[in-house]
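All chains should be modelled from the sequences, with the hints used to inform the complete structure.
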Amino acid sequence: MDWNFYSICEAFTLLQMWPVFDVVHYILMALNMKRELSTSVAFAFERRHPLASWITTMLLCNAGPILVCLYLGKPLAIILKSPEKIAVSTLVWYAVNYVPGVFTLLTNRWITCLLVSAKEVQRVYGVYGGVQEASQLYSSYYVVLFTLGFIRGTASEIMMVFARLLAGIIKVHTAQTVSPNVFLFPSCLFKASALVSAMFCLEHYSYIQVNHSVLFSCTIAVLIYLRILMILGVIADPFVPFENLFCAIVFGGMWDAYKLVVRQDRKGTQANGAVHHQKMKTS
Amino acid sequence: MDWNFYSICEAFTLLQMWPVFDVVHYILMALNMKRELSTSVAFAFERRHPLASWITTMLLCNAGPILVCLYLGKPLAIILKSPEKIAVSTLVWYAVNYVPGVFTLLTNRWITCLLVSAKEVQRVYGVYGGVQEASQLYSSYYVVLFTLGFIRGTASEIMMVFARLLAGIIKVHTAQTVSPNVFLFPSCLFKASALVSAMFCLEHYSYIQVNHSVLFSCTIAVLIYLRILMILGVIADPFVPFENLFCAIVFGGMWDAYKLVVRQDRKGTQANGAVHHQKMKTS
Amino acid sequence: MDWNFYSICEAFTLLQMWPVFDVVHYILMALNMKRELSTSVAFAFERRHPLASWITTMLLCNAGPILVCLYLGKPLAIILKSPEKIAVSTLVWYAVNYVPGVFTLLTNRWITCLLVSAKEVQRVYGVYGGVQEASQLYSSYYVVLFTLGFIRGTASEIMMVFARLLAGIIKVHTAQTVSPNVFLFPSCLFKASALVSAMFCLEHYSYIQVNHSVLFSCTIAVLIYLRILMILGVIADPFVPFENLFCAIVFGGMWDAYKLVVRQDRKGTQANGAVHHQKMKTS
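Chains as they are written, first to last, in the working numbering: chain P, 1 to 283; chain B, 1001 to 1283; chain V, 2001 to 2283.
The hints are simulated quantities; they were obtained by calculation from the structure and are not laboratory data.
Heads up, none of these hints are tricks.
Label pairs and their calculated CB-CB ranges:
{"#": "1", "chain 1": "B", "residue 1": "1111", "chain 2": "P", "residue 2": "175", "range": "26 to 36 Å"}
{"#": "2", "chain 1": "B", "residue 1": "1095", "chain 2": "V", "residue 2": "2132", "range": "48 to 58 Å"}
{"#": "3", "chain 1": "B", "residue 1": "1254", "chain 2": "V", "residue 2": "2230", "range": "28 to 38 Å"}
{"#": "4", "chain 1": "B", "residue 1": "1212", "chain 2": "P", "residue 2": "82", "range": "44 to 54 Å"}
{"#": "5", "chain 1": "P", "residue 1": "242", "chain 2": "B", "residue 2": "1091", "range": "16 to 26 Å"}
Straight-line distance between alpha carbons at most 27 Å, and here's what the computed DSS-like set of lysine-lysine pairs gives:
{"#": "6", "chain 1": "V", "residue 1": "2034", "chain 2": "B", "residue 2": "1259"}
{"#": "7", "chain 1": "P", "residue 1": "171", "chain 2": "V", "residue 2": "2171"}
{"#": "8", "chain 1": "P", "residue 1": "81", "chain 2": "B", "residue 2": "1074"}
{"#": "9", "chain 1": "P", "residue 1": "171", "chain 2": "P", "residue 2": "34"}
{"#": "10", "chain 1": "B", "residue 1": "1074", "chain 2": "V", "residue 2": "2085"}
Pulled from the structure, derived: some chain P residues nowhere near chain B, Cβ distances all over 12 Å:
{"#": "11", "residue": "90"}
{"#": "12", "residue": "115"}
{"#": "13", "residue": "118"}
{"#": "14", "residue": "125"}
{"#": "15", "residue": "204"}
{"#": "16", "residue": "224"}
{"#": "17", "residue": "226"}
Glycine is no exception: its CB is placed at the ideal position from the N, C-alpha and C atoms.
Next comes the structure, spelled out in structure tokens:
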């Protein structure tokens, strides 16, 4: 086998997720949960409530399978069929939360870049797997395909709503703020998952007709590139400009401008009328 | 076909829900969610968090199918089989939230009367459909039939608990108040759904033996009549008098009266005893 | 049949849960919910919100079946197949909340001992039933067996999270406190359910090879003994000493000691180095 572009792309589609990529996923989930908890309370949550810390980390680690089970009406019990995954994620949780130095090590900028790269590979595999799984059951329903791919891509962020509830981290809304979650403040990964899932759906229905392994590998490459730029602080969320433009036009700006025009028009008419009236008076 | 009473009733049982009645349902759900959000926060929620506004409106619009799926153990994916419904409800959501004038137009008293009338037709169809669906699966279990009919009638109000959670609208309880939801403050429609579902269950088991189409049409007529009276401010919740009576007797009053009697009786006995004692002393 | 030890143990494994033990379960759930609500708000919750009080009590009474349905992917509707159970639990709820004297009577220390004894019998039956049910479906997956047994043992405590949500009893977290639930502050029964479920799993895989009825009866006896000692105030949570030891070693203490040693070692080396340096200077 010679190492041309296509064979490298092909190789990217044949990776095994377990154990390396899944372990990276568990590490990032444990880091996320620890960060979320430590920003919410002023004490060491994992020392005072180890069980809640473990349960919520497990929820995040298995968010994908849990939501897919609910979505496809399968028993939640099948998630627990692989005890080695639970054992490994427990080990990861333990190391991240209790072994001194591990958290500092893993949040090192360069190691984060490495972890995040592996995670993006796992995410794209998840989204593609979701679209494939849905297409076997509901082939002709494209919304179902899109949604399952999307859920597989961003499950842990959706699950965070419930993880916060179980961890007792409940914020109250006020007149000016809401209790934050991913639907209120969609992260970059939330939007990227939606885009990638949409792309694989288009590919499934043959609207995109490029070599599958090239598309797959390029998606991974773009995601890794974006995330590393974000970690290094070169760019913020790359979707924000498009989003702001879209929101400004569709959710407000367009109609505000329209209202302004209508009002000015009316005022103008009134003013003209007034002028006309005055003219008539003076003449 | 001559237009006598029976044929009109018959016609009422043969309506197609899609598209007119379902669109009305979507409009009312979008209005409900917008009202709920705008009474909770002081800023324009739908401008700052369009995604959360859309997701929660979709949850309300599809509350019936979602709860039925959970209740009957079906996959949630089947809700997404009809993309045209999602497209239409998204359009409705967009119009209600962003197009200026639409909200004002739709909350006009007379248009509300019209919308609510169509919604009550849709509600009665929902309840009847729920009872029918349950009777095919669990014919001999009347509680299952009642519950499914009831859920179909009032799903959006139950789903509001979760919609508020996802929208980050979380109130905290105090010593004197609780975070409100439909179970704490059951609305008129909540109670009406229960009654209508109970009635169709009784009909299913042949305890009510009137012409089905007459029963069906009269239920719709009564509900529309009540809702329009409520909108015009002629009556408040028509269940309140019965409810107050029932609660006063069963949940408190009866036992308070009993306790009072027992206490007075005891006091009386003591007083008698004291008098007797005094008498014995003086004698 | 002569009354030796084995025959008594055997008799303990052949009890019928319905109606006596289930009714005791309902009584304890109604008491729990009433206590939870009355400690949260300063007014008589069950008088102002009878529906929410009833719904949440029903949720707790049927927490086991509800969570098992979700776990095994069964329709929730099958819980409502037995109207007599709902009727009885409603009666129990009514008596506990409204009939004067009943609450005082049932919270009498000696009657509590009696009720709790019956409840522990019901709990052990539940856990064993859960392990058996799971073993028929997922025989080779020991985590599934353990989890189902555990869920059946402690379902009402998990369900309390959602019952509080539906009752509008939502506490907010602060920098120093979290909104409490069973995962944050695991009760004695939570831990006992885990232990008992683990034990029955070990027995299922023949790692424990004693007579089943002896094991079963002894488990019940030990649980009853512990609970009665707890009620009489002789002991607090019997797991706390082991837990404290375990937590101190595994979740913190071990690593704190290690860090201390490393730091002292480093300081020592530095100090030595400094002394050596000084020595070199003076010499």
